[in-house]
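Number of protein chains: 6
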Amino acid sequence: MASALEKAGILVEALPYIKKFYGKTVVIKYGGHAMVDCALKKAVLTDVVLMKYVGMRPVIVHGGGPEITAMLKKLGIESRFIGGLRVTDDETMEIVEMVLVGKINKEIVSMLNAFGGRAVGLSGKDAGLLQAARKLGRARRPDGTVEMVDIGHVGEITRVDPDIASTLIDQGYIPVISPVAVGADGESYNINADYVAGELAVALGAEKLVILTDVEGILADRRDRDSLISVIHAPEIPDLVARGVIEGGMIPKVECCTRALSGGVGTTHILDGRVAHSILLEVFTDKGIGTMVVG
Amino acid sequence: MASALEKAGILVEALPYIKKFYGKTVVIKYGGHAMVDCALKKAVLTDVVLMKYVGMRPVIVHGGGPEITAMLKKLGIESRFIGGLRVTDDETMEIVEMVLVGKINKEIVSMLNAFGGRAVGLSGKDAGLLQAARKLGRARRPDGTVEMVDIGHVGEITRVDPDIASTLIDQGYIPVISPVAVGADGESYNINADYVAGELAVALGAEKLVILTDVEGILADRRDRDSLISVIHAPEIPDLVARGVIEGGMIPKVECCTRALSGGVGTTHILDGRVAHSILLEVFTDKGIGTMVVG
Amino acid sequence: MASALEKAGILVEALPYIKKFYGKTVVIKYGGHAMVDCALKKAVLTDVVLMKYVGMRPVIVHGGGPEITAMLKKLGIESRFIGGLRVTDDETMEIVEMVLVGKINKEIVSMLNAFGGRAVGLSGKDAGLLQAARKLGRARRPDGTVEMVDIGHVGEITRVDPDIASTLIDQGYIPVISPVAVGADGESYNINADYVAGELAVALGAEKLVILTDVEGILADRRDRDSLISVIHAPEIPDLVARGVIEGGMIPKVECCTRALSGGVGTTHILDGRVAHSILLEVFTDKGIGTMVVG
Amino acid sequence: MASALEKAGILVEALPYIKKFYGKTVVIKYGGHAMVDCALKKAVLTDVVLMKYVGMRPVIVHGGGPEITAMLKKLGIESRFIGGLRVTDDETMEIVEMVLVGKINKEIVSMLNAFGGRAVGLSGKDAGLLQAARKLGRARRPDGTVEMVDIGHVGEITRVDPDIASTLIDQGYIPVISPVAVGADGESYNINADYVAGELAVALGAEKLVILTDVEGILADRRDRDSLISVIHAPEIPDLVARGVIEGGMIPKVECCTRALSGGVGTTHILDGRVAHSILLEVFTDKGIGTMVVG
Amino acid sequence: MASALEKAGILVEALPYIKKFYGKTVVIKYGGHAMVDCALKKAVLTDVVLMKYVGMRPVIVHGGGPEITAMLKKLGIESRFIGGLRVTDDETMEIVEMVLVGKINKEIVSMLNAFGGRAVGLSGKDAGLLQAARKLGRARRPDGTVEMVDIGHVGEITRVDPDIASTLIDQGYIPVISPVAVGADGESYNINADYVAGELAVALGAEKLVILTDVEGILADRRDRDSLISVIHAPEIPDLVARGVIEGGMIPKVECCTRALSGGVGTTHILDGRVAHSILLEVFTDKGIGTMVVG
Amino acid sequence: MASALEKAGILVEALPYIKKFYGKTVVIKYGGHAMVDCALKKAVLTDVVLMKYVGMRPVIVHGGGPEITAMLKKLGIESRFIGGLRVTDDETMEIVEMVLVGKINKEIVSMLNAFGGRAVGLSGKDAGLLQAARKLGRARRPDGTVEMVDIGHVGEITRVDPDIASTLIDQGYIPVISPVAVGADGESYNINADYVAGELAVALGAEKLVILTDVEGILADRRDRDSLISVIHAPEIPDLVARGVIEGGMIPKVECCTRALSGGVGTTHILDGRVAHSILLEVFTDKGIGTMVVG
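Residue numbers (the UniProt record's numbering), protein chains in the order written: chain A, 1 to 295; chain B, 1 to 295; chain C, 1 to 295; chain D, 1 to 295; chain E, 1 to 295; chain F, 1 to 295.
Hints are not guaranteed to be accurate.
Where chains are identical, the list cannot tell them apart; a pair therefore holds if satisfied intra-copy or between any two copies.
Restricting the straight-line Cα-Cα distance to at most 30 Å, the calculated cross-link-like pairs of lysine-lysine (DSS-like) are [unchecked claim]:
#, residue 1, residue 2
1, Lys135, Lys24
2, Lys19, Lys73
3, Lys42, Lys74
4, Lys135, Lys42
5, Lys20, Lys42
6, Lys24, Lys287
7, Lys73, Lys135
8, Lys135, Lys287
9, Lys73, Lys42
10, Lys287, Lys73
11, Lys74, Lys20
12, Lys74, Lys287
13, Lys19, Lys42
It should be emphasised that the hints constitute simulated quantities derived from the structure, not laboratory data.
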C-alpha cells in the first residue's frame, strides 16, 4: 500500500504542471540518440502521448540521422558535406525524402498509435505546410576565404502555412512532421529539422519548443558535465558564443531558440535526449533539466 | 536525478488508466471521515481536480454528517431517529439545508477552486435537478411489528433532470451537489447522498460511481481487516446480505451500486475514505482498493 | 368579451417595451420588504420569469436582511455595527453565509422554478465569480475623529469573473447570486448586495440595473411622498448629497448606480420594492416608477 | 397607479400561455375581412409580432380575396367559377400571382416589419417550397351528374419542401407565404390558402393551426350566434357534416384541420377574423374563442 | 472520342477561373434584352446556376423593362417620363411592384430552380433589405433651366441591411432581388436596378459586379462596334464623359461601377446581355468580354 | 468569339453532372500507366482538383508499380512472386513502404497542390486508418495442388477507421492514401491498392469507385478493342468469369467492385487510365467510358 500511496503522491505533484500547460502547444524536435535507442524511443513517445492526454498539444518534428546515411551507403551513393551540410543531388534527395517520410515518420506514427495516441504523419509538402528556397553552402577555399556554393536540395523555410497542423491538433491528432518542403520551383528540399521545429513553434503559437540533443545541454566548461547552465537569457548568447561556450552544432540550435522566442514562443529548451523521459522531467518538475533559453 | 526519473516512470504508469477513463464521467459520493479530516479533504479534492485535468468528468455529491448535528445542537434542537433516518421537522430541515448548501458545499467549492478546478455548487433545487417525494420511516413497535410513519422532510428521488449538471460539465466545470430536493408539494427534502450519487450516475451516463465510506470496503469477516472482498458481482449480493456479510449501513450503499449498475453505470466502488488518495488509487492502479461491485 | 379584448390591448401595449429590451441583460438587486412579504415576493419573481420569457436576460442579486439577524439571535450571537456595517467574526460569517446561500438563495430559486423559470443559485465563490478583499469599518471615536478598524469578514469586490453567470444566461438559466465572495486569503467575505449588483451589471454588459428599496425612490422633500424625483443625471448627484436630498443608506445605492453607469450600463433605477410588480411597471410602461439615474 | 398595476397584472396573467407556447410553431391562415379592414389588419399583424417576441414561431399563409377580383375587373377579365373554384386561364393566373405575391404579400411583410418583426415574403415557388398538380373542377351537368373539368391553373399540393421556411424561422424571421406553386409541368398554380396552411403546419411540425374566417366559428344553429361550438373532436365531424351543421365553405376548412391533426399538429382553430386580436385571445386566454378542432 | 476529349480539355481550362472565384460573391444586374429573349434568359440563368455549383456566390438583381409598360398599357395607365425617370403615382407604383415582385422575380426564381439552383426571391421590403427616400426628377423648363420636381414613388437607396441576403447565400440559396424598397414614410419606392446591384455588391463585400446591357460595352467610337474599350480605369471616366464616349444611359451604369469600386468591390463589368453566356465568358476566360471598369 | 461560345456551351453541358455528384465522395484507385506517363499524370490530377472545386469529395488511393521494382533492383534485392503476389521480406517491405509513402505519395500530393488542390498524404498507418493481417500466398505445387504459404508482409484489410480521412475531406483537403497498413502484431503490411480503394469507398460511403487500369475496360472479345462491355450487372459476373471474359488481373478488380457495391457504393468503374482525362469523361459525360459495374 505504501508504494501505491507514494505513486498517488507523485501524480498529485504533477498537477501544478498539468494545469500550467493545459491547452498549450509544445513543439518537440526529436532526433539524435533518442531516435536510435529502442528504450529511449519508447520513453520519448510515451511522454508525448502522456502530454496529449493531460491536455497539452504536442507536435513532433523529427530529424533523419543515421538511417539516411545507411540507406545511401546501401545504394552506393557517397555523401559529401560542405559547411556541415550534405551536398544533396537529385538522387540523394529522393533517398533522403523516402527515408524521412516513408520510414522514420511512419515508425514514429506507428509507435505513438500503439501507445494510444492518434498520430498523423505530415511532410512539409502536405497541404503546403512548408515552402522552401534553395540554401547555399559555405565552402572554405584553400586560401581560407568562404565561397557560397550550390549544394543542391538543401533548403531554408520561406513560408509556413500551419493550417493542416492546426486542424489536426484541434481534432485531437498528434502531427508528426518530416523536414521536407517543396520550393516555388517545384523541387523538393531537405531542411534542418531544428529550424522546422522553431518556425512551426512560432506559426502555431507554441508555449514551448523542446530540442532533443545528444549532450547534457550547454555546459559552462565543456569538460565538466556538472557545469550545466540551466538558464540562458537571449541577450547573453552573443557573449557565450564569443567565448566559445556555445559552439559548433549548438550554435544553430540556440539560434532556433532565439528566433522562436522573438516569434512569441514562451520558453525554449535544449534537452539531453539520452536521458529517458527527459521531456517529462522538463515539463513536470520544477527543476527542469538541460538548458532553458528564455527571452 | 534518480528520483526524478522514478517520478517520470510513475506518471508513465498512469497513462493506461488516463486513456481508459478519458472523457468518462465519474460520480463521487463524498462523505464521512474524508470530509472531516483536513489532510484527507485536501487529498480527495486534489484527486478530483487531477481527474478533471487528465480528461475525466468528475461530479461530487456530498453528504452532511457531523456539521449538521453540531449546528442543531448549537440551536438546541434535539435529533430523533426512526429506522436510522433523522426525523426532520420544518425547523430541522431549514438547518439541514443551510448547513449542506450554505456551508459544506461552499467549502468544497472553494477548495476545488483553490486547487485549480472550476467548481460550481448546486442544490438539487437548482434548475429542477432533483425532485423528491416524502419518504416514510420504518418505526418498530413495541410488539416488534413495523409501522411506516411520517418523519418529515426526508425524501426519496422521483425525478432527475440532469441538464444543469451536464451543461456545467460540458463547459468544463466540476459540479458539487448537495442532497436537497424540492417536492411536487413545494417542500424541501433531505435525501440520502448515496442515493443522489447513484441516481445522478445513471442520469449522467457515468462510467463509475465511487462511494467513500469509513470502512475498508466489504469484509468477508468483519473482525478481519485482511478479509476484504475486492469484487462482488451483483447476483451474489442477496446471499451476502442473508449471511450478514453485508449489513447495517452498508446495505443501502450496496443497493445504490446495484441500481446504478442496472441503470447502465460501468462499475461501482465502495472505498475507504480514510485512506488518502483512495480515489486516485482506485482509478490509477490495476489493483484498485476497496470493494468493486459489478453487474 | 370586452374584458378579454382589453387584456389583448394591454399585451399589445407591452410590445414596444418587449422589443426595446429584447436580448438585453437586466441585473436586479432584490432585497428589503419585497423579500419578506409573501405577495410581493411572488410578484417580483413572477416579473423576473416574465422578463425571461419575453426575451430579456434577468439576473438576480439578493441581500440578506432580517433572516440573518433572526438566525444570529437564535444562536445567541449578538450583532455589533460599526459605521453601518456588521462586525462579522468567523462565527457570524458562517451563519451569514449559511443563511444567504443555503436558505434565502434557495427559496428564491425554488419560487422561480415553480413559476416556470429555470433558475440556478450561485454564490460569489462558485467558479470564482467574485473575489473580495477585507474592508475596514469607519469607527467614530468619542472625540469625533474617524478611525478605520477591522470589522472581520466584510469585503469589497476586487475582481469579477462573470464566465459562470454568462454561461448560465446563454443556456437559458436565470442566475440568482448571493453576495458572498472568497478572498485571496482564502477567507469568506460578506459583501453589500447593492455593490455586487452594480459590479455584475458592468461585468455582464447589462442594459439596466434595478435596485429594489423600501422607499418611493429619491424624494425632493423627504416628508412629501409626492416629491419623487423621476430622473437624476449623474452630475447632479454631488449637489443633491450636499443638500441632504440623497442621504443615509441611499448614498451607497446612488454610488452603485453611478459606478455602473460609468462602467457602461445603460440606465439604473431605484425602485420602491413595496409596490407589487414595480419592476414590470418600470420596464413595461413609459412613465416608469421610482427614480432613474442616468449618465 | 391603479391602472398601471392592472396592466402589470394582465401581463402576468399571460405568462402561463407564453410558457405553454414557447418555441412552438403556429401557422396562421390569414384571409377574409381581417385582410381588408385596416384596424383588423393592424391588430392581426401586431399579434403575430408579439407572438414572435414572446418566443413563438409564427408563420403566415395569406389568401387573396377581393384584390384579385378587383384587378381582374380593372383589366376587363371576367371570372367564371366551377364548383366554387375560379376558372384560371393563363392570363388570369398571371394576375392572380402578381396580386398575391407582388401586392398582398408585400403589404403584409411591410406592416410586420414596421411593427418590429423581421418578415420575409415567400411564394410557394421559392426554393421549391410548394409543388402542385392540376386540380379538376366539379362541374354539375344539367342532368345533375358531376363531371370533372379542367379549370386551368388551379392546383393541389403534391409536395412540401419546408427547408426555406425552417431556415428563415430558425434565423428569427417571420415567413409570409403566398399560395402559389409550380407544377412538375413548369406551370404556375393557385392553391387554396387553407390547404397551404394545413400542409405547412404538418411539414413544419406546428403546434397550432389557426384559420381566420369571417364567421364566429362553427355554430350549432346557424341562425343563433350564441350557439358556437367551442370544441369539436375529429370523429364527430362526419355527423356534423351530415346534419348540415358544417356546410359550404366551412367543409374544406374543417378538412384542413383534420388533415393537419392527423399529420401531427397539436390543435387547430377556426377563428372569427372580424374580432380584433382574435389570435391573441385564442393563444393568451383560457377560454379561447372560435371553434377548436382536436384529434 | 476526340470530341469528348476536347470537352474535357475545356473543362480543365476553366479550372483556374473556378479557383480564382471560389467562395466569391458576384452580383449580377439582370435586365434588358437578356430578360426578354427566351434563349438568352435560359443562357443567363444556367450560367448563374453553374457559378453556384462551382463555388461562387451569385446574387441576381433584376430590372423591369417592357413587362411593366405592357401591363400599364393594358390597364390604360399612361406613362410620363421626366429626366428619364417614370413619373410613378400610387396606381403606377402598385402595378410596377406587382410586375417586378409577382411576375418577373417569380419567373427568374422558377427557372433557376428548374435548372437545379435553389433560388429565393426577395423584394427590398423583405426583412428591411433596402430602405429608400423619394428622389426628385430633373424637369427641364421651357427656358432651359432645370427644376427638381416630385415624380412620385421613385426612390434612391438610403440604407442596405444585407442580413437576409447573406443568410440565404450562406445557406446555399441564390437570392433574386426586385428593386423595390420601403421608405421611412412607409411608402413603396421603385429604384433603378443598377443602383440596387451596386449598393448590394458593396454591402455584401462582392468580388464582382456584372451589369448586363444591350450594347457591346463602351465603344471608343459609337459607330464602330470593333472599337470596344476592354478596360477603363476609374480616373479616366470624367474625361470619357466629357468627350461623350460615355453618354446617356451608360452614365449611371458607369457611376454604379465607380461607387461599387470605391466601396470595395474588386472589379465591375458592363457586358453585352445580347450575347449568350456572356457572364460565363467574362468569368471563365482570360480575355473577358464587354468593358471592365476597375479602380 | 465562336470558339469562346462553344467553350461556354461545353461548361454548361457539364452542369447536370456537376449537380449529380455535388457533395458526393469519389474514391479513385490511381495506378498503372497513368502514374508513369507525365502527361497522363497531369491529366488525372487536374481532373481530381477540378472534381474538388465543383463540389465533389475525391479521395485518391495510389499503387506502387515500377518504382518499387526499380528501387529494389538498385539495391540488388531480387523479387520473387507467388500466386501473383510479391514475396515481401522485412528488407523488401521497408523499401516498398519508403517508395510508396516517401516518394510516390509525395509526388502526387505535390502535383495536386501545384494544381490548386489542398492535398494531404496518408499512409494506412496514420491515425489507424487501415489495419491488416498477414495474407498467405497460393503456391502451386509441382503436382498441381495449391498450398498456402507465408509470403511475408503482404496483408489484407481487417479494419478501416476512416475518421482521419473524413476529417480531412470535411475540412476541404484531398486525402492521398498509400496502401500500407499496420498489423495487430505491429508489423507493416503492403496491401493491394484496389482492395484499399474498395474498402475505403465503403467506409466513406462513397458514391463512386473508379479504378484506373491499363486496358480499355472489360472486352467481350479480348482481341477486339471495339467489344467493350459498357455495363456489367453484378449477377452476370460469375458467368463472365466462367467464360473467361473476365480473367487474370481483372478478376480481383471486379471483386473489389462487387464488394464495394454490396457495401453501399453507388457505382463502380474500371477505366482506361491510358486515356487522358478518362475520369472526367466518365464523370462529366452521359456515355461514360470503360466498364461500369453496378449492383
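Now for the hints, and whether the structure bears them out:
With identical chains, the CA atoms of Lys135 and Lys24 are never at most 30 Å apart, being 33 Å at best within one copy and 38 Å at best between copies. Within a single copy, Lys19 and Lys73 get their C-alpha atoms no closer than 48 Å, and across copies no closer than 42 Å, so neither meets the 30 Å cut-off. Taking the shortest alpha-carbon separations for Lys42 and Lys74, only the intra-copy value of 27 Å comes in at or below 30 Å, while the best inter-copy value is 33 Å. Taking the shortest Cα distances, Lys135 and Lys42 sit within 30 Å of each other only across copies (29 Å), while inside one copy they are farther apart (34 Å).
In this assembly of identical chains, Lys20 and Lys42 lie within 30 Å of each other by CA distance both inside one copy and across copies; the values are 25 Å within and 20 Å between. In this assembly of identical chains, Lys24 and Lys287 lie within 30 Å of each other by CA distance solely inside one copy; the values are 20 Å within and 33 Å between copies. Only within a single protomer do Lys73 and Lys135 lie at most 30 Å apart by alpha-carbon distance; the minimum there is 24 Å, versus 32 Å between protomers. When the C-alpha separation of Lys135 and Lys287 is checked against a cutoff of 30 Å, the pair qualifies neither within a copy, at 39 Å, nor between copies, at 39 Å.
Only within a single protomer do Lys73 and Lys42 lie at most 30 Å apart by alpha-carbon distance; the minimum there is 27 Å, versus 34 Å between protomers. For the homomeric pair Lys287 and Lys73, neither the shortest alpha-carbon distance inside one copy (43 Å) nor that between copies (51 Å) is at most 30 Å. Taking the shortest alpha-carbon separations for Lys74 and Lys20, neither the intra-copy value of 47 Å nor the inter-copy value of 44 Å comes in at or below 30 Å. Taking identical chains as interchangeable, the C-alpha atoms of Lys74 and Lys287 are never at most 30 Å apart, the minima being 44 Å within one chain and 50 Å between chains.
Taking CA atoms no more than 30 Å apart as the test, Lys19 paired with Lys42 passes in both settings, with 25 Å inside one copy and 17 Å between copies.
In summary, the numbered hints that this structure violates are 1, 2, 8, 10, 11 and 12.
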